[in-house]
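Trainee: Can you make the complete structure from the sequences, with help from the hints?
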Amino acid sequence: MTSGAPAAVRAAYFAFDRFPSSKGSAVHIGHMAAELFARFDGGLLGVLGGGPLPRYQREAGGIEIARFGEQIPNLLDRAEAYSRWVAAHVEPHRDTLRICHVRDPWGALPVVTLPGRRHRVVYEVNGLPSVELAHTRPSVTPATLAKIADLERVCLEGADAVVVPSWVIAGALARRGVPETKIHLVPNGADVPAAAPRPDGAPDRYLVYVGALQPWQGVDVLLRAFARLADLPDLRLVICSSVPERRARPLRRLAERVGVADRLLWRFTLPHPEVAGWLANAAISVAPLTACARNLDQGCAPLKILESMAAGVPVVASDLPVVREIMTDREHGRLVAPDRPAELARVLRVLLEYPEAARAMGERGRRRIEEGLTWSAARARLSEVYDLLTPPVVRR
Numbered sequence: 001m002t003s004g005a006p007a008a009v010r011a012a013y014f015a016f017d018r019f020p021s022s023k024g025s026a027v028h029i030g031h032m033a034a035e036l037f038a039r040f041d042g043g044l045l046g047v048l049g050g051g052p053l054p055r056y057q058r059e060a061g062g063i064e065i066a067r068f069g070e071q072i073p074n075l076l077d078r079a080e081a082y083s084r085w086v087a088a089h090v091e092p093h094r095d096t097l098r099i100c101h102v103r104d105p106w107g108a109l110p111v112v113t114l115p116g117r118r119h120r121v122v123y124e125v126n127g128l129p130s131v132e133l134a135h136t137r138p139s140v141t142p143a144t145l146a147k148i149a150d151l152e153r154v155c156l157e158g159a160d161a162v163v164v165p166s167w168v169i170a171g172a173l174a175r176r177g178v179p180e181t182k183i184h185l186v187p188n189g190a191d192v193p194a195a196a197p198r199p200d201g202a203p204d205r206y207l208v209y210v211g212a213l214q215p216w217q218g219v220d221v222l223l224r225a226f227a228r229l230a231d232l233p234d235l236r237l238v239i240c241s242s243v244p245e246r247r248a249r250p251l252r253r254l255a256e257r258v259g260v261a262d263r264l265l266w267r268f269t270l271p272h273p274e275v276a277g278w279l280a281n282a283a284i285s286v287a288p289l290t291a292c293a294r295n296l297d298q299g300c301a302p303l304k305i306l307e308s309m310a311a312g313v314p315v316v317a318s319d320l321p322v323v324r325e326i327m328t329d330r331e332h333g334r335l336v337a338p339d340r341p342a343e344l345a346r347v348l349r350v351l352l353e354y355p356e357a358a359r360a361m362g363e364r365g366r367r368r369i370e371e372g373l374t375w376s377a378a379r380a381r382l383s384e385v386y387d388l389l390t391p392p393v394v395r396r
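Reminder that position 4 of the sequence shown reads as 4 in my numbering, one-by-one numbering, no gaps.
Wrong hints could be hidden among the right ones.
[Said to hold, decoys possible] Distance condition first, Cα-Cα at most 20 Å in a straight line; then the derived EDC-like pairs of lysine to aspartate or glutamate:
1. K182 x D160
2. K147 x E132
3. K182 x E384
4. K147 x E157
5. K147 x D297
6. K23 x E132
7. K23 x E245
8. K182 x E157
9. K182 x D387
10. K23 x D191
11. K147 x E80
12. K147 x D77
13. K182 x D231
14. K23 x E274
[As the list claims (entries may be wrong)] Now the in silico label distances, taken between C-beta atoms and shown as ranges:
15. T181 x R253: 47 to 55 Å
16. K147 x R198: 46 to 54 Å
17. Y354 x K147: 50 to 58 Å
Since the hints were derived computationally from the structure, they do not count as laboratory data. Every residue, glycine too, gets a C-beta built ideally from N, C-alpha and C.
Mentor: If you want it as structure tokens, here you go:
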């Protein structure tokens with residue numbers, strides 16, 4: 001452990017994600033870890049680093065942040081190295097730790113299998129690598145995916161509580177044999193922002209997509225749908241990507257092929273507060289998720305939809321079970337059949353032709369967030385899970 005660390009750490013949160021970053025996962029980590037550390041007057045946050053991020057830092061409130069920074073090209077080798085790193089960071093605190101909150105099997109394995117462990121474990125499942133890797137890395141063999149599924153089983157069985165953001169993933173875990181009494185729903189949230197100014201360079205009228213660019217996000221479907229709106233010459237599509245520009249190359253080539261490249265505006269790895277301005281001033285926010293196993297069998301609660309609703313923007317999203325947990329068709333926006341560019345274009349056109357009705361949907365979406373899908377509501381639900389495992393700590 002890094003020299004200078006305090007002798008007693010009672011709470012730890014581990015995530016195989018870069019923090020901070022422009023990704024939605026970093027927003028989620030920030031809120032969930034804050035609730036854990038508020039309860040225990042600080043603790044240890046173990047995340048991925050890289051670039052200018054320091055390997056170790058102290059924050060106010062007794063919070064330490066340690067970052068795993070080994071540059072290992074192979075993802076699974078890096079994940080295994082991260083597991084060893086987590087074990088090394090837990091070991092000095094085995095006698096004082098009361099609770100470990102983990103987000104993935106790589107961080108979960110060393111904390112659930114620690115010999116003679118005294119701490120409780122909350123395993124937060126936003127996605128299952130045994131499902132997701134089949135989509136993100138097709139070269140991973142079925143045998144490797146099966147081994148990862150076995151690892152997930154060990155972690156799920158060893159955890160004291162399993163936290164999920166949607167009923168869809170709760171059902172997926174129940175089908176894997178996780179007792180329903182162990183599964184706790186803690187929905188994702190969003191903060192209703194103050195009025196955001198129009199960003200510099202923003203078009204007068206535009207659609208917006210916010211998020212990563214993996215195939216399951218359906219950005220290719222959106223580009224093909226946008227090509228069908230060529231008769232609206234003033235309309236632009238803004239893509240606020242949470243990943244670096246190099247990852248957009250295949251989509252930029254597609255945009256050239258379908259004839260929309262000159263009507264696109266790309267923004268990459270924007271700080272989260274800047275994304276709010278692009279959302280708030282958009283005509284429509286689009287979440288064209290595909291109907292793949294990743295979204296159907298273990299879908300989480302997409303932050304892009306929640307944050308769009310919080311901004312008061314009407315949402316057009318794919319009609320998937322996980323999306324229906326968040327928004328209602330014709331109430332907060334429109335749900336469309338996934339993977340159908342023509343249908344998506346038709347619905348976008350209708351909303352653009354009736355802006356007053358679209359604005360009313362956006363306002364109802366904002367109220368939906370205010371009435372129960374805020375981050376403070378999510379933190380309160382998480383606090384209830386902690387209450388089940390450890391009695392509240394009297395704060396100094």
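Trainee: Any of the earlier hints contradicted here, and which numbers?
Mentor: Number 13 only.
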